[in-house]
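There are 4 protein chains.
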Amino acid sequence: MEEKQTFIYRRSANYYETDQMSIIHHSNYVRWMEEARMAWMASLGVDYAEMERLGVISPVISVDVKYKKPVLYGETVDIAVTVKKYNGVKLSLGYEMKNVETGEVTTIGETSHGFLKENKIISLQKELPEMHSMLEEHN
Amino acid sequence: MEEKQTFIYRRSANYYETDQMSIIHHSNYVRWMEEARMAWMASLGVDYAEMERLGVISPVISVDVKYKKPVLYGETVDIAVTVKKYNGVKLSLGYEMKNVETGEVTTIGETSHGFLKENKIISLQKELPEMHSMLEEHN
Amino acid sequence: MEEKQTFIYRRSANYYETDQMSIIHHSNYVRWMEEARMAWMASLGVDYAEMERLGVISPVISVDVKYKKPVLYGETVDIAVTVKKYNGVKLSLGYEMKNVETGEVTTIGETSHGFLKENKIISLQKELPEMHSMLEEHN
Amino acid sequence: MEEKQTFIYRRSANYYETDQMSIIHHSNYVRWMEEARMAWMASLGVDYAEMERLGVISPVISVDVKYKKPVLYGETVDIAVTVKKYNGVKLSLGYEMKNVETGEVTTIGETSHGFLKENKIISLQKELPEMHSMLEEHN
Numbered sequence: 001m002e003e004k005q006t007f008i009y010r011r012s013a014n015y016y017e018t019d020q021m022s023i024i025h026h027s028n029y030v031r032w033m034e035e036a037r038m039a040w041m042a043s044l045g046v047d048y049a050e051m052e053r054l055g056v057i058s059p060v061i062s063v064d065v066k067y068k069k070p071v072l073y074g075e076t077v078d079i080a081v082t083v084k085k086y087n088g089v090k091l092s093l094g095y096e097m098k099n100v101e102t103g104e105v106t107t108i109g110e111t112s113h114g115f116l117k118e119n120k121i122i123s124l125q126k127e128l129p130e131m132h133s134m135l136e137e138h139n
Numbered sequence: 001m002e003e004k005q006t007f008i009y010r011r012s013a014n015y016y017e018t019d020q021m022s023i024i025h026h027s028n029y030v031r032w033m034e035e036a037r038m039a040w041m042a043s044l045g046v047d048y049a050e051m052e053r054l055g056v057i058s059p060v061i062s063v064d065v066k067y068k069k070p071v072l073y074g075e076t077v078d079i080a081v082t083v084k085k086y087n088g089v090k091l092s093l094g095y096e097m098k099n100v101e102t103g104e105v106t107t108i109g110e111t112s113h114g115f116l117k118e119n120k121i122i123s124l125q126k127e128l129p130e131m132h133s134m135l136e137e138h139n
Numbered sequence: 001m002e003e004k005q006t007f008i009y010r011r012s013a014n015y016y017e018t019d020q021m022s023i024i025h026h027s028n029y030v031r032w033m034e035e036a037r038m039a040w041m042a043s044l045g046v047d048y049a050e051m052e053r054l055g056v057i058s059p060v061i062s063v064d065v066k067y068k069k070p071v072l073y074g075e076t077v078d079i080a081v082t083v084k085k086y087n088g089v090k091l092s093l094g095y096e097m098k099n100v101e102t103g104e105v106t107t108i109g110e111t112s113h114g115f116l117k118e119n120k121i122i123s124l125q126k127e128l129p130e131m132h133s134m135l136e137e138h139n
Numbered sequence: 001m002e003e004k005q006t007f008i009y010r011r012s013a014n015y016y017e018t019d020q021m022s023i024i025h026h027s028n029y030v031r032w033m034e035e036a037r038m039a040w041m042a043s044l045g046v047d048y049a050e051m052e053r054l055g056v057i058s059p060v061i062s063v064d065v066k067y068k069k070p071v072l073y074g075e076t077v078d079i080a081v082t083v084k085k086y087n088g089v090k091l092s093l094g095y096e097m098k099n100v101e102t103g104e105v106t107t108i109g110e111t112s113h114g115f116l117k118e119n120k121i122i123s124l125q126k127e128l129p130e131m132h133s134m135l136e137e138h139n
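Just so you know, the sequences run in chain order A, B, C and D.
Following our numbering, the numbering of the first sequence begins with 1 at its first residue and continues without gaps.
Following our numbering, the numbering of the second sequence begins with 1 at its first residue and continues without gaps.
Following our numbering, the numbering of the third sequence begins with 1 at its first residue and continues without gaps.
Following our numbering, the numbering of the fourth sequence begins with 1 at its first residue and continues without gaps.
Among the hints, a few may not be true.
For identical chains, the list gives no copy identity; a pair is met inside one copy or between any two copies.
Below, a list of computed lysine-lysine pairs in the PhoX-like style, where the Cα atoms sit at most 20 Å apart [stated by the list, open to error]:
| hint | residue 1 | residue 2 |
| --- | --- | --- |
| 1 | K84 | K66 |
| 2 | K68 | K126 |
| 3 | K98 | K85 |
| 4 | K117 | K90 |
| 5 | K69 | K98 |
| 6 | K69 | K126 |
Because the hints were derived from the structure by calculation, they are not lab data.
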């Protein structure tokens with residue numbers, strides 16, 4: 001039996017991402033999740049820039065973040081990306097960020113996404129069958 | 001019987017907040033919610049900058065955002081802020097953003113917050129009794 | 001003789017714009033300059049969103065910022081926008097930010113801009129004669 | 001005779017850094033320059049986070065950016081950092097960004113920095129002699 005591999009995206013905190021509490025401002029994790037998501041898609045062979053050129057966009061429907069421990073400037077996190085749910089038209093992804101030095105979970109996130117072409121919801125199976133298969137596999 | 005008044009924070013979308021989907025990037029709404037929250041606190045007589053100088057910080061514990069309709073550059077939203085729950089140590093706020101021209105709800109948000117002094121969770125009733133009373137009133 | 005009036009854009013510093021030096025991060029002033037520029041254009045009757053819909057974009061060619069005094073969270077600046085130079089194809093704008101409470105100059109900026117349509121440099125006089133006249137007037 | 005080696009910091013453009021012109025928003029290059037600068041300092045053995053803990057901060061005095069070619073989402077630049085001038089109390093750095101695929105120069109930048117301790121300008125030679133020697137060497 002094959003085990004599913006978790007995709008990990010490594011990210012160091014930038015100085016400009018801190019705020020005057022001397023921690024990474026909470027809005028930035030939403031951006032880190034996007035970076036991790038795009039890198040995860042690339043690892044599956046999906047080029048988001050190319051997908052957009054084909055007229056398919058994937059707007060974010062919802063974002064949830066739970067802040068467990070602050071991340072400080074100079075620290076690095078490993079962001080694990082997993083498929084939480086995929087039903088052909090909607091995709092939910094989970095994110096777990098761990099401080100690489102301490103191993104502590106700093107942040108838990110979830111995003112959900114639709115897929116649109118010419119402003120209409122599309123079936124990924126029809127429009128991007130390869131991506132559909134890959135998401136099915138990771139579901 | 002007195003009716004609770006909803007606080008409204010008006011915000012215009014900036015060009016630098018757009019992305020190449022030609023909509024406001026989803027991470028920015030988290031920042032707009034912070035702006036609305038700070039303005040709402042100021043409207044209650046709570047000066048967050050002053051609170052920090054007194055050593056009290058209020059980290060964000062969680063953020064949830066639901067994206068109903070995109071906001072475009074040149075558009076303006078009214079952000080209504082309401083207290084969802086307050087139990088003396090934790091505060092949950094709700095946000096509803098409406099396009100001022102169309103009246104459509106664009107975005108629904110929720111944040112929860114703790115209150116810390118010298119890295120310890122504090123009771124707001126003890127440390128900031130006036131703020132506590134005001135939050136009780138709006139609960 | 002008529003005196004040229006200076007356009008002023010008022011901006012309050014947001015919490016998420018601070019960094020761990022407890023000042024507004026230097027990159028954000030570039031964004032404030034954009035906000036002030038767009039508001040100034042709107043005050044001249046130029047709707048940038050509309051201009052883009054007509055196919056004209058105005059990329060930034062250069063940005064210079066001199067940081068005199070930090071701006072802190074809770075502070076507000078008045079940003080004066082002036083035309084430094086305009087020759088029909090290139091526009092240079094100057095920005096002076098003053099702390100509204102102390103009157104001190106905090107930041108001096110300059111940006112220069114071209115105008116493109118279908119990736120070609122255009123003459124504003126031909127393409128947008130009204131905007132051209134207004135820029136001439138403020139030059 | 002030893003040749004001075006140029007430090008290179010590689011950076012991929014993020015989706016959230018784009019704007020509706022479908023290019024990286026011009027303000028973000030100021031942030032990329034900060035990332036490159038911090039990485040360059042780290043390569044010289046200077047830990048900026050540690051420096052701040054010792055009470056030394058290095059505020060940005062000025063930033064200049066010239067935009068030659070846009071950078072698009074999905075593209076990667078190599079940012080070369082060089083010392084332009086160092087006189088013991090003020091440091092000027094130069095930045096040249098090149099699209100790694102095309103080799104074209106996309107962006108040229110310059111920043112200047114002071115060094116403060118307890119709000120007073122300090123001599124780096126006295127306070128951080130090792131960093132001073134390294135900057136002298138790269139001057």
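Need the list of violated hint numbers for this structure, in ascending order.
The structure breaks hints 2, 3, 6; every other hint is satisfied.
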